[in-house]
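Here the protein sequences line up with chains L and H, keeping their order.
Numbering follows the working numbering, in which position 177 of the first sequence is assigned residue number 177; successive positions increment by one, without gaps.
Numbering follows the working numbering, in which position 70 of the second sequence is assigned residue number 70; successive positions increment by one, without gaps.
In short, the hints are calculated from the structure, not lab data.
One or more of the hints may lead you astray.
Stated by the list, open to error - Straight-line distance between alpha carbons at most 20 Å, and here's what the computed DMTMM-like set of lysine to aspartate or glutamate pairs gives: (1) L:LYS242 <-> H:GLU282; (2) L:LYS242 <-> H:GLU314; (3) L:LYS108 <-> H:ASP188; (4) L:LYS242 <-> H:ASP293.
Stated by the list, open to error - Now the stretches of chain H that chain L is said to cover, found in silico as 3 or more residues with beta-carbon under 8 Å: (5) 25-39; (6) 42-51; (7) 174-182; (8) 282-294.
Just so you know, even glycine gets a beta-carbon here, dropped at the ideal spot from N, CA and C.
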Amino acid sequence: MNEEIRATQAAMERCGYVAEPVIATAVFLAKEMQRPLLVEGEAGVGKTEIAKVLARMLGTELVRLQCYEGLDANTALYEWNYQKQLLRLKIAERERDSTGHEARDPEKLEQLIFGREYLLERPLLRAIARREGPAVLLVDEIDRADEGFEAFLLEVLSDFQITIPELGTIRAEHVPFVVLTSNRTREIGDALRRRCLYLYVEHPDFDKELRILHGKVPGLDERLARAVTRFVQRLRGRELRKLPGVAETIDWARALARLHRHALDAETVAATLGCLLKDEQDVKATGQQAIAELVAYASGEG
Amino acid sequence: MSRAPGMAAQLAKFALALRKEGVRAGLADEIDAAAALSLVDLLDRAEVHRALRIAFKVPREAWDAFDRLFAQHWDGGGDERPKPRQVPPRDHRGPVQWRWDGERVRLATAETEEPPSGDRPGYSPEPLLRRKPFDELSQRELAEMERLLARLALRLATRRSRRLVPTRGRGVVDLRRSFRGALASDGDFLRLARRARPVEEPRLVVLYDTSGSMDPYARLLLTFAFALRRAMKRVEIFAFNTRLVRVTRMVVPAAIPKALERLAAEVPDWSGGTRIGACLAEFVAQFGQSMIDRNTTVVCVSDGLDQGDSALLERSMRALRERAGRIVWLNPLLGDPRYRPEAAGMRAALPFVDHFGAAHNLESLEGLMRLAA
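Chain H on its own, in the form it takes in the complex (with noise of 0.2 Å):
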């Protein structure tokens, strides 16, 4: 079989639009691909087609993605092809920028340049800060805040893994080095040596509700989350409002105003009405097998006024329910010593959640925290 000239060529590019459209494909992928068209016939389209897809490793959900590449580039269609859909720039994922503020290291930005304590004499920020609502926060109280809740977040993160390590306390006998021990002293056990569960981080997901009823929350409840994904590795973030939409990526290590910018033009109707039930059903398809498990604690933060069919919200939690470790449901409402949780959409989902708890300042969500803990 001759090789066709300037197959490397086109398969770079071919490996250029599928990252375009979100797909990993590295360069290893590449040569992968490389290597199993050597190995096939090229001139059967449908197997060219079945080797990229394995050689390039393509999940299921982006198959669409994929088969409308594959015809494009080959099929001849060339490059006259429509313009890829406009997806905002990615976060640049290069070096973080990181500074020492004299307490912790953290994330550099943009509103972060003013000191973080106070000019004003006296000012003590805490304990006032701790009961302020969210909305009602300014610049610099923000940034403070901002460092309380990657403080909280860290806390969040104590879980015991079911891996046994070596340990010097209690624990199940460890025969392999017990035994190795025990060959100095000719075989006898002086001392057994054990293993025990070391502690793991564990698995959080929030589910973002950027309805407009949520709008005065939305800042601080995304820098917690934010907060969260720099102090635990996996977390996973979604917005939603009429449409679900993934946006860990989005939030790493952006600059808070900036992020809401682009979250505000990536999720649709940003401020608009809520159907809660329709994007839970579409989390729990799409992502639930591979990003819920019972090392997972799912985070919704809504005031459950649902605009769409309460049955669907029910069914979805309960799906939830029975994949997730623990389902928290944080409710800036709930601040408010009037709220009542009768909205049709929040008395639907309240059975299947372990927690029900307010988010409208620090306190609360301190009372997240020791739950976790």
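Okay, chain L solo, but in the shape it has when bound (with noise of 0.2 Å):
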């Protein structure tokens, strides 16, 4: 393995963040190839820490931006603060009132009232405009805003830079380390995916969720997260509709600690079971066998 690779999984591994491989790989490729990283996966997996940690790896800013259906270019970019320039203009008013001036010049109006304090950073502009070095930008679940503006969003990634009419062009001092999510509730739109290098996120496997359990609930019995560990690999396997995510899996074993519980048994699995499943059909599917073969399951490690 290449020893930068190496190295961006131990400093990724300090930060808590468990690294794979691939996770690392795709981290220090995006970072020395100056690319967006899309990653995808299933909800759950850990997608949105990964620009989490990196920021905090890089020990730089987080400008998140978390897109929703209708999501559109201004609440991305930047916003005018209204409520500052009226005021500026009733104040601009006034002085003229008593100075008794007649001079009604719109144009130094406008340069008064649309200067850089007037405007309000969104996490676009916020990204690029940061002086103090490379910001971290998470686009938070892109499937979710509409195809219009992915296209903005493309353009954006590809100059790094925003033009605000009234201000001028603003040009990245910086180019900032891109880390876009998806949970595929639709197909990013293949210019988009170009674009960026592309990250695969799965469900961990047993050691490494061991082990990222360990990272986030510390003083766990050993007992305990092994069997955790073992039943929810197991309950992944299942037919469910909602897979539990290792976020789940760390709810469920702080739960369990909180009870004082050493070792998992059907009666307090059942209680808990809101923890791992957020799908009413998903817990009624698994009933009390399926507890109890699970249990037995996770429990049967020597």
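Can you join these two chains into the complex? Each is in its own frame, and there are hints to help.
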């Protein structure tokens, strides 16, 4: 393995993220090639976490743009601070009245109120205009925004510059490190996909999940941790509509630790199953017998 | 690290092989791959594998194909690799031929060579055509029908977007533009600018039953799907009987008879039995995530004569119901007044269907359009 990739992996690990080689490789390549990283995978596999860890690792700011249906360029880029602008106008008016000056010069007024200090930075502008060094820009759940926004984003990610009609063009001094995540509720356009490097994150295997668990729930009983992990791993093999992610595993382990359990038993599992399964039908489909089997399997280890 | 000679050539060959498997890999991706390879340890097979998968942007579904090709190209398997699966040639995706027929621009197809209006005097095709069952249409009537269908398909295409665009009429106040306007009048808002939701094309997924019992209707209903494909950008078409096949790409620019032939070759058991439940389940598993959302109308064209497990059909329909905006089930048998939806498959599917309609002639399809409007 390349030394630098190994170093990336170690650095991510130090920041509390258990990174498989493939994740470390993707992060390293994206950083070196200065390309956005598109991360796909099921909910709860830790896609968003990658960006957060990256920001911590690079000691920089995490700028987050949460996408949703109807998100438009204004909300993502910048907005003028209207209240402040209006106030400034009223002051200008009063000044004029008191001095008796009759100069009504809209251009002057415009210059006055369309300055940088009246500009509200939204995430994209914030990430690009940051002076102190490259930010980490997280575009979360890009699949929720519509295609028009995707095209717009592609443009921003290609040029890393934003034009504000009243101010002119703002160019990125430091190209931000961009992470896009998608839950694949719809397919991401080909152009944007091509612009990025692509990482697909899967549910962690037993060893990785166990390590994550130990990292996130300090002081967790080793035997319980193993049983919890085995249980969840096995549970993911069942036909469920929403598979529990790592976040759910952590929640569950915390709940069990809080209840001072040292081993799994069917009763406790049934009572706390809501930590893992967030879908009513999934809960129903995991009845007593299924739980008993799962518990037996999870505790079956020496 | 020294560059292995011929790396570029090897990458190009690899990209070509990927494309043959249906994985999109363009020149830009080759360049990315080359850049990525220059950054990793070339002696570490696993790392090269990871880097290439990242740089070629290989989606999860294509990992198997990628792994196979990677093994062939990077493990010295070289040239004696087995011949790739026989894939029928893709449609020629170059410039499509359009023709102006005096009323609208239409795609030039082999069978529309003869003039669209009849040579018999006084022949007015439309009212007759509207009621004539699809399985009784002549070649020329088919051409005429295609025109009607395309017109209908266009009408299906109106939905409002959630994004806001400037409007002169009603809508929410657009502060940014209002403010700009107010500047000219010293900060007094004489007129408020507004924004409203523009009309947007809906997304459509057509699932098309090609089993034996559907044969008489195959041609026209597919024509309808083709017409939709032409009128709307976001249409996906699948054919199913005992297996599910995505045919969207196949049907794009081709003349219909040719496409039908190709479909018959591509779809296993064309005109065979049906396992609707299993096919829908496959659709939901493979494409449900990426193709179905709240703006999607799913149109299932089938007679509901399922030879499979109707519990599975019910589960799949439930899953579709949860994701899709609307589910329409078109059943050609419904045109027969004696028909009752009593087949087990149909009964299982019906509770999840928003609109259950006939599809044996144009009039019945028009009903669908009214529904969509």
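Do the hints match the structure? See the list:
In summary, the hint linking LYS242 (chain L) to GLU282 (chain H) is supported, as the alpha carbons are separated by about 17 Å, within the 20 Å threshold. For the given pair, LYS242 (chain L) sits about 18 Å from GLU314 (chain H) by alpha-carbon distance, which is consistent with the 20 Å threshold. Distance hint between LYS108 (chain L) and ASP188 (chain H) is fulfilled; the C-alpha atoms sit about 17 Å from each other, no more than 20 Å. Taking the CA atoms of LYS242 (chain L) and ASP293 (chain H), the gap is near 17 Å; set against the 20 Å cutoff, the hint holds.
Judged by the Cβ-Cβ criterion of 8 Å, the region 25-39 of chain H is covered by chain L as claimed, because 7 of its residues qualify and three suffice. Three residues within the 8 Å Cβ limit are the bar, and the region 42-51 of chain H against chain L gives 5, so the coverage statement holds. Residues of the region 174-182 of chain H with a Cβ under 8 Å from some Cβ of chain L number 3, which satisfies the need for three, so the listed coverage holds. Proximity of the region 282-294 of chain H to chain L, defined as three or more residues with a beta carbon under 8 Å from a beta carbon of that chain, is established by the 4 residues found.
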